[in-house]
Amino acid sequence: MRTVPSIIHLDMDAFFAAVEQASKPSLRGKPVVVGGLGGRGVVSTASYEARRFGVHSAMPMAQARRLCPNAAFLAGRFQAYRQVSEIVMGLLRELSPLVEPLSLDEAFVDLEAGPYGPALADAGPQEGAQLVRAIAEDLRADIHARTALTGSVGAAGSKLMAKIASEQAKPDGLVLIGIGSERAVLSPLPVRALPGVGPATEQALRRVGLATVADLAEAGEEELVQLLGRAHGTGLYATSIGLDEREVVPDRDAKSVSVEDTFEVDLADRDVILRQVEVLTARCVQRLRAAGRSGRTVVLKVRRFDFSTLTRSETLRAPTDDEGVIAETARRLAMQVDITGGVRLLGVGVSQLADFTQEDLFAQAAAQAQAQATAEAGEAADATEEPSEPEPGEARAKDAVPPTGRRWLPGQDVTHAEYGPGWVQGSGVGRVTVRFETPYGPPGRVRTFAIDDPGLEPADPLPLRQ
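Reading the sequence shown from the start, the letters are residues -1 to 464 in this note's numbering.
Source of the hints: derived by calculation from the structure; they are not laboratory data.
There may be inaccurate statements among the hints.
What the hints assert, rightly or not - What follows is a set of in silico ranges between Cβ atoms, one per label pair, in the way DEER data are often shown: (1) R443 to D264: 53 to 59 Å; (2) D336 to R443: 55 to 61 Å; (3) D451 to K28: 25 to 31 Å; (4) Q350 to P116: 38 to 44 Å; (5) A229 to Q334: 27 to 33 Å; (6) P123 to A60: 47 to 53 Å; (7) G428 to A132: 53 to 59 Å; (8) A143 to G207: 47 to 53 Å; (9) K28 to E243: 42 to 48 Å; (10) E243 to Q350: 28 to 34 Å.
If you're wondering where the values come from, they're calculated on a predicted model, not measured in any experiment.
Quick reminder that beta carbons are idealized off the backbone N, C-alpha and C, glycines included.
Start from the sequences and build out the full structure, keeping to the hints where you can.
Rendered as structure tokens:
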């Protein structure tokens, strides 16, 4: 047992959206939603301004547009997010060699293993807690000075409690849970606050009247084992009374990234199952990109009505994070599964992870073929129908891919030979609208160009601080 709350958990606030606001002065203080912009796109991150309208991560983008129609809807810029993440993780590694990244914007740190370790070991509980608080405040200040972003920090004697503390600290705060106060902090929380409690487990617990962490602790280990099984029940009881002996593991190398859903009603329609596979794929790809990884093997998990579980996998020629390639592979795997009797759970995952993505010429060819087919269909429709204006920020398919093969996505970094750096606000009807501004100045001017303007080029993201 630690005598000092020397494990900290850092979670950057609304990370993707915050990077976009820091990069684009015209979006500061305004609702911003980052995610897939297609018909089945899913919200990756929403700024706190957008959350006030009910927008949250994993929400269908179409629903987010209905809730907050005036938000800026942007495609992700993962190169920019990785650059900022490297700065943040570098600051954490100055505090300790034991840094366990969970994603681009989240990590645990064990301060006892770093340069402050001897001072923490010699300090009493009160002095040690004060030192940890000072270290955490300095970290938050350093992050803001280097990146213009804010992060929330939780400090405690275990990873479990540090994570809960950082949740309570959001946004832009610091919460320290003292040694010995774990049970008091945990007791009033809903069961969903504990790791390993998803929608299905939460529903099973609520059916027997267990709604809070205090309820779990009072129920006891034996009852939870009977309800959830030996491994899950034992682990859940331990966390309900604040026990967590997991160590901070540096540079944890995940073997796979996956998501899964359990359905209240078994799915028996093949088309419905394929649509669910696409939704799961979108969520899986978001996690994959958030971790800065790519993968070579696509895995489909199916639990049937009788609780039998099947897995199917297919290995690609090279690592990819292309949602279209992964979705097509997952659909192909789903077509191989017998769904007679119904499906109660579906999962999509990617394994054989790498920290790079090789150029996938077949994926590019397929995308170009799809764009060409869409363009031809659009031209045919234009011959018989009146043209209509696209929604703000949306491009018509036949205009989204100009003759040069470039696509202009909302939020994309660009530079113009005459006007300098800027970002794409939207494109459509043969035009692309660009706002010319940098992270270091005031909101910039908006200009519109032909979609194939030779002076307009894609660009690398600018650093958030000069």
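We went through each hint and held it up to the structure:
1. Under the hint 53 to 59 Å, the C-beta atoms of R443 and D264, about 56 Å apart, fit the expected range.
2. For the hinted restraint 55 to 61 Å between D336 and R443, the CB-CB distance of approximately 59 Å keeps it satisfied.
3. The hinted window of 25 to 31 Å between D451 and K28 holds, with their beta carbons roughly 27 Å apart.
4. Under the hint 38 to 44 Å, the C-beta atoms of Q350 and P116, about 42 Å apart, fit the expected range.
5. At roughly 30 Å, the beta carbons of A229 and Q334 sit within the given window of 27 to 33 Å.
6. Separation of P123 from A60 is about 52 Å and conforms to the stated range, judged on CB atoms against 47 to 53 Å.
7. In this structure the hint that G428 and A132 lie 53 to 59 Å apart at CB holds, the actual value being about 57 Å.
8. Restraint check, A143 to G207: a C-beta distance of roughly 49 Å satisfies the suggested window 47 to 53 Å.
9. A hinted range of 42 to 48 Å for the beta carbons of K28 and E243 is consistent with their spacing of about 44 Å.
10. Between E243 and Q350 the Cβ separation comes to about 31 Å, which falls inside the hinted range of 28 to 34 Å.
This entry satisfies every hint, going by the numbered hints stated previously.
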